[in-house]
Amino acid sequence: MEFYLEEGKQLNPNCSTLVLPALSIGNVGQLAVDLLISSLKAEKIGYLDEPNVLPCVGNDAYSPSPVGKLALPLEAYDSSSSAMTLVQQRSPVVKGMTIEYAKNIASFAAANGKNHVIILSSLDFGRWKNIDMSSGLQIYYLSSSNVDGTDTNCETRGWNRLQDYNPAQRTWKYLDALAEQGSVPDEDFSFEELEDEDYYPSLPFAALFSCFKAKGLKVTCLLCYCSEGDNIPEAFHLAEATSKLMGLSQNEFHGNGAGNWIIPFSWQSVYGPPPEMTLF
Amino acid sequence: MDDVITDIPPPSRFLLEDLNNFTPPPPPLPSPFLVFSSADSKKGFQPSLLIIAMSSPSLHFLHHLSSKTLVASLVLPEIPFAGNSVEPSLKDKSCNIYALNDAEKLIMIVLVQFSVTPERAHAVAKLLIGEKIIPERVLILDSVQSRNFRGKLPPDETIAFKLETSLERKNSDAGDSSLVKGLDYYPSGSIVDGLAAALLSRCQLKKIKGTLCVSWPDLGFPVMSLIKSLLVRDVFAGINYTTDGDYEDEYLRLSRRKDRIDSDLYT
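Taken in sequence, the protein lines are chains E and V.
Start counting the first sequence at 102; every next residue gets the next number (this note's numbering).
Start counting the second sequence at 6; every next residue gets the next number (this note's numbering).
Each computed DSS-like pair below joins lysine-lysine, with the alpha-carbon atoms no more than 25 Å apart:
#1 E/Lys145 to V/Lys211
#2 E/Lys170 to V/Lys186
#3 E/Lys314 to E/Lys274
#4 V/Lys212 to E/Lys170
#5 V/Lys175 to E/Lys170
#6 E/Lys345 to E/Lys145
#7 E/Lys196 to E/Lys316
#8 V/Lys186 to V/Lys212
#9 V/Lys211 to V/Lys186
#10 E/Lys145 to E/Lys110
#11 V/Lys212 to E/Lys145
#12 V/Lys175 to E/Lys110
#13 V/Lys175 to E/Lys145
#14 E/Lys170 to V/Lys131
#15 E/Lys110 to V/Lys212
#16 V/Lys233 to V/Lys186
#17 E/Lys145 to V/Lys131
#18 V/Lys157 to E/Lys170
#19 V/Lys137 to V/Lys48
#20 E/Lys170 to V/Lys211
#21 E/Lys110 to V/Lys211
#22 V/Lys48 to V/Lys212
#23 E/Lys142 to V/Lys175
No lab work stands behind these hints, which were simulated from the structure alone.
These figures come from a predicted structure and were not determined experimentally.
I would like the entire structure built from these sequences, with the hints used as guidance.
This is the structure:
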């Protein structure tokens, strides 16, 4: 993975927190990062050239009147006021290369002075067990702060640690071994016999979690359950959780509506064009 | 009618294997490589303009330029040569690279006549731009992919859009004109993927002036006229070139044949 700076831009050493999405059901992490970039008016500082991410290009996703600023599949944005670098991923990882990608981006983060990484992802409602919905859409988390995945900061916000997380569980251990350079993972591990307990560590957020942890960085995964559909509400939820975790005030956001969020211009067509009216 | 069970899911949907860290990686493939027509060519090229054609109308028009010389071919090892003819033909599965004769400055043309998977696009783009071929400016011609376009694509209209690298846009903002004029930018929210995207990304990263032009539909006389007009008016202005054969009639026959094959009457 190579990092290319935009002309005239520099990496801000004060942006010590990295926020990035993990690919997940409903693309919720990516939508949340879009919302954060747009609302913080984060500045594009460069591109990550990663052969394990499929190519795509498009017009500027954020400006109200896009003037042709090229968007690439992996872009880095800085929000100096929030001390955050945000990386947006716009296309999938080459099948089977998620762990390679996770290692490469972890190396980028470590090499560029990041000391806290926040991974945004969603989980499939179809996999939930014993979820308490009495207090509305719940945020779950997984942290490297403690071995059991807990973090005091997250607990005081009323968030629950990812259910059934057990770092000694075979798949989590296998992931940790893969993430460590030079470590020899268990050759008897069979991919074809994944069971329920193997589901969460098989997801992309888990690969990122393990690889960032292996680099000695503090990692927090923020997660919410959803189904495929209109996942914009979940994106707001994750973005709000990120803002709370970072201790941001509403003044950091530049919108005029509730929460001062700015909807990215590209969201106008996120679900495709309107129906053909001649049908009616 | 789409089969919602077995068809490829829409772009925002992942298959289970896309979200599984333990999906086995694809079997490794040998790297693509360039074959040069003469020993001199191996030193490399610095064309003032590199045109990379992928859409049917652009392939058709540029193939029929008679004032060009074959200088190299890009080989993708997984694409067999079986069925290719000795002389370059539009029916070949090939990626030939030509130099346009009689141009004051070197103009090179790449005709991509095989399908490059998204997973191979990065490697192919690296080979075409920035190693043996270092262009000052790049023009990529591809078609709009309806699965990636979030607006309406009228079946009976011809449209085209462009995307440009920062340097090409800056060139235009500074008063020098864009290479491709009169086209709107690709609408925000829609994307272009595959080789065209890999090529334009490479231009952006390597700070090369680059333009991607995507047209719709992929076949038909109107879109051929649009692409031809764009090339003749904007790209080849002031350059001597000749075309061979009755390519317009040939293209019309090809378009009609494809229309019959694609017709829902025969599903």
